[in-house]
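*Asks:* If you read the protein sequences in the order shown, they are chains A and B. Using numbering that gives the first Met the number 0, read the first sequence as starting at 0 and increasing by one per residue. Using numbering that gives the first Met the number 0, read the second sequence as starting at 0 and increasing by one per residue.
Be careful, since some hints might not be right.
Said to hold, decoys possible - Simulated pairs of lysine-lysine, DSS-like, Cα-Cα distance not exceeding 30 Å: (1) LYS283(A) - LYS15(B); (2) LYS58(B) - LYS179(A); (3) LYS148(A) - LYS15(B).
Stated by the list, open to error - In silico contact screen, one side only, chain A against chain B (beta carbon under 8 Å); selected entries: (4) THR114; (5) GLY115; (6) ARG118; (7) PRO119; (8) ILE143; (9) THR146; (10) ILE175; (11) TYR178; (12) PRO180; (13) GLY304; (14) LYS305.
To be verified - If you only want the chain B side, here are some residues facing chain A, beta carbon under 8 Å, derived: (15) GLY17; (16) ARG21; (17) ALA28; (18) GLY30; (19) GLY55; (20) GLU57; (21) LEU60; (22) GLU61; (23) GLN62; (24) LYS65; (25) GLN66; (26) LYS69; (27) ILE71; (28) ASP72; (29) ILE74.
Calculated directly from the structure, the hints in this document are not laboratory data. Computed from a prediction, not measured in an experiment: that's the story for all the values here. Built from N, CA and C at the ideal position, the CB exists for glycine as well.
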Amino acid sequence: MTGAKAIVECLKKENVEVIFGYPGGVVLPLCDALYDSGIKFILTRHEQAAAHAADGYARSSGKVGVCLATSGPGSTNLVTGIATAYMDSIPIVAITGQVATNLIGNDAFQEVDTTGITRPITKHNYLIKNIDELPTTFKEAFYIARTGKPGPVLIDIPVDVQRAEIEFHYPEKIEIRSYKPVFNGHPLQIEKALSLISTSKKPLILAGGGVISANASKELRMFVEKTQIPVALTMMGLGSFPTEHKLHLGMVGMHGTVYGNNAIMETDVLIAAGCRFDDRITGKISAFAPKAKIIHIDIDPASIGKNVPVNVPIVGDVKIVLEQFVNNAPEINIIEWLEKISEWKQKYPLTYKNTDGLKPQFVIETISELTGGDAIITTEVGQNQMWTAQYYKFKNPRTFISSGGLGTMGFGFPAAIGAQVANKDKVVIDIAGDGSIQMNIQELSTAVAEKIPVKVIILNNGCLGMVRQWQELFYKKRYAFTCLKGKQPDFVKVAEAYGAVGYRVIKKEDLKKTLVKAFSHKEGPVFVDCIVEPEENVFPMVPAGASLKEMIGGLA
Amino acid sequence: MATKDSHIISVTVENKSGVLARIAGLFSARGYNIDSLAVAETEDPTVSRMSIVVSGDEKILEQIYKQLNKLIDVIKVQDLTAEDHIERELVLLKVSTASSSVRNEIVQMVNIFRAKIVDVSRKSLTIELVGSRAKVDAMIDLMKTFGIKEITRTGRIAICRDNNKEK
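Only chain A is shown next, with the shape it has when bound in the complex (with noise of 0.2 Å):
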């Protein structure tokens, strides 16, 4: 068969059920053997939204998410998404296409050394100059994707590579010598780390995007239940913990919960599973968890001791290793400590003025409430990101997509048609902001052809609220660049020209009936347009590079 029929063949062996990608000049063979493959092809209007949608249908559903572009222009709109799903750690297959192998090199037309740009921002990638390569180098790709810490992996196919004939065999299994991903923690650490915890009068668990990847969040559970000791929260970890359980401490760092970041400040030993010490976690290193022991669990051995000093370092899946730590709980008396929490979640709650105007927190709330904590909930970056992270009532892993590590403005409507895809009968929102919607914008045509009925929420301040904040407390009230009032699009007309649904909430009173009919809308996607207050700030604040303790409101 043919190098293109083979790479199908290898998706199917690889139950791959859908990819997103746009066609061009050097995938034609792939693209016609994709035609009638039973492969689902979701055409994005734009290659960066096919890599967001790959990384949404991956997060969203725990599977190698699959994107596919043409060489040159077409590998290069990949990069901003292979670059955030890369920063998160999310497992996708990028496939991309190639000048003819003789003509590599010869600056040829539309030739770009995509593996050399991507060589930074993918976990590994491939160039397949050979045929017979093929097989193994999917087989290798799809494993490397998903193992160990997980990430993207691309294969560029020369167009003269998909066209050249092979005798198709793939392999059943593969073996890597140079890569060898631990699973187990080491028993000797474990027992450490246990009897660490066992001294501990102010133990603290902090959660981050591992223990979703990992699907440790039953584990987690149970060694919570077992022991009774709280839970932070990263970013990224939003959703391995309901946030209505007792013991949830909500997000830490830059625009965590007081009493998150109280806890991080007074805990004794902290165990840090599947997290990497951002530093809008940790703010100013020096003066992070000053008091603590750290346990820090992790797949990856480079996260562990990169940023914080670290006391017992444990490599291993933190699934396995939650479960051993299942296994051998210690009992514990720290009921003097959690009596603190509770005194500290009761005195410094997060809270906003709620006044008679529509402020972006209680969209969110109401969001949260109309859906149960049980949405996918996507966003874009910034204030939209931060108020979802803090007001959404997460109830289950894999319901938060989000941006974490490069905080890509733009991600958040094509993930959501990704994780849409993957959860069919899931009610998907994208909370967006009027600046980064603006990024990905065309995916409305997407969604509307291929009747995806993604819900998205723009909370419309009128500029680009996030850098606005930081220039009203740290530069002096100069907007730079920042305002756009007045010089936006109409949303709904936008939704409406794109054949979808649009509409205005500018009323308080207004927001939850136009909500519950938007997400009663099954045919497509819809557009909210919340005209929310422009002045409204994301607090608490911990200024960067300061210490989590140095908080700008919230402590009232």
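Given chain A's structure and the hints, the job is docking chain B onto it.
*Replies:* What follows is chain B alone, placed relative to chain A:
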């Protein structure tokens, strides 16, 4: 002088195209310095060995070690500085020879250092020297008095000593 911070790391990698770029890219992306790098095929033609000399404190070295290991094409990373090892560097030195007396003096030095003269011209001598970094540096320093026209160094390579103790 070899500083305390200078480490020689031996990295065995898949002998494939693009691997050198992955390693070099990792160092530049994370802001680590490469002092020298030598690479060639090993006894197994599917494997290459890179000898990388880097400088940095303990924390940086730990990260270099871990980040290298994270690359899919890296088979093994070993910090040889921590072990009993042999280190060599080869240098080719082109030295000006203005007069015959100078020429004699240089030949004497070459003998003392057990180096070799590999090319002679009317105006210069080309010397080949193999040795530890300290020896190479000492030779270069001495030759400066005569006027060095050109230097090319391989960078350090190293290999572990075998342990004679039976296991």
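*Asks:* Next, verify each hint and record whether it holds.
*Replies:* Going down the list of hints, with the structure as the test:
1. LYS283(A) - LYS15(B): violated (42 Å)
2. LYS58(B) - LYS179(A): holds (24 Å)
3. LYS148(A) - LYS15(B): Status holds; Cα separation ~23 Å.
4. THR114: holds (7 Å)
5. GLY115: GLY115(A) check passes; min Cβ-Cβ to chain B is 7 Å, inside 8 Å.
6. ARG118: With Cβ-Cβ at 5 Å, under 8 Å, it holds.
7. PRO119: holds (5 Å)
8. ILE143: holds (6 Å)
9. THR146: violated (11 Å)
10. ILE175: Hint on ILE175(A): holds, closest Cβ of chain B at ~7 Å, below 8 Å.
11. TYR178: holds (5 Å)
12. PRO180: At about 10 Å, which exceeds the 8 Å cut-off, the nearest Cβ of chain B leaves the hint on PRO180(A) violated.
13. GLY304: holds (7 Å)
14. LYS305: This interface hint holds because 6 Å falls under the 8 Å limit.
15. GLY17: holds (7 Å)
16. ARG21: Nearest chain A Cβ about 6 Å off; hint holds.
17. ALA28: holds (5 Å)
18. GLY30: Since chain A brings no Cβ nearer than about 13 Å to GLY30(B), farther than 8 Å, the hint is violated.
19. GLY55: Where the cut-off is 8 Å and the nearest Cβ of chain A is about 14 Å from GLY55(B), the hint is violated.
20. GLU57: Violated: closest Cβ of chain A sits about 10 Å from GLU57(B), beyond 8 Å.
21. LEU60: violated (12 Å)
22. GLU61: holds (7 Å)
23. GLN62: Result: holds, 6 Å to nearest chain A Cβ.
24. LYS65: This hint holds: LYS65(B) lies near chain A, its Cβ roughly 4 Å from the closest one there, short of 8 Å.
25. GLN66: This interface hint holds because 5 Å falls under the 8 Å limit.
26. LYS69: holds (5 Å)
27. ILE71: holds (4 Å)
28. ASP72: holds (6 Å)
29. ILE74: holds (4 Å)
Checked against the numbered hints given earlier, this structure breaks hints 1, 9, 12, 18, 19, 20 and 21; the rest are met.
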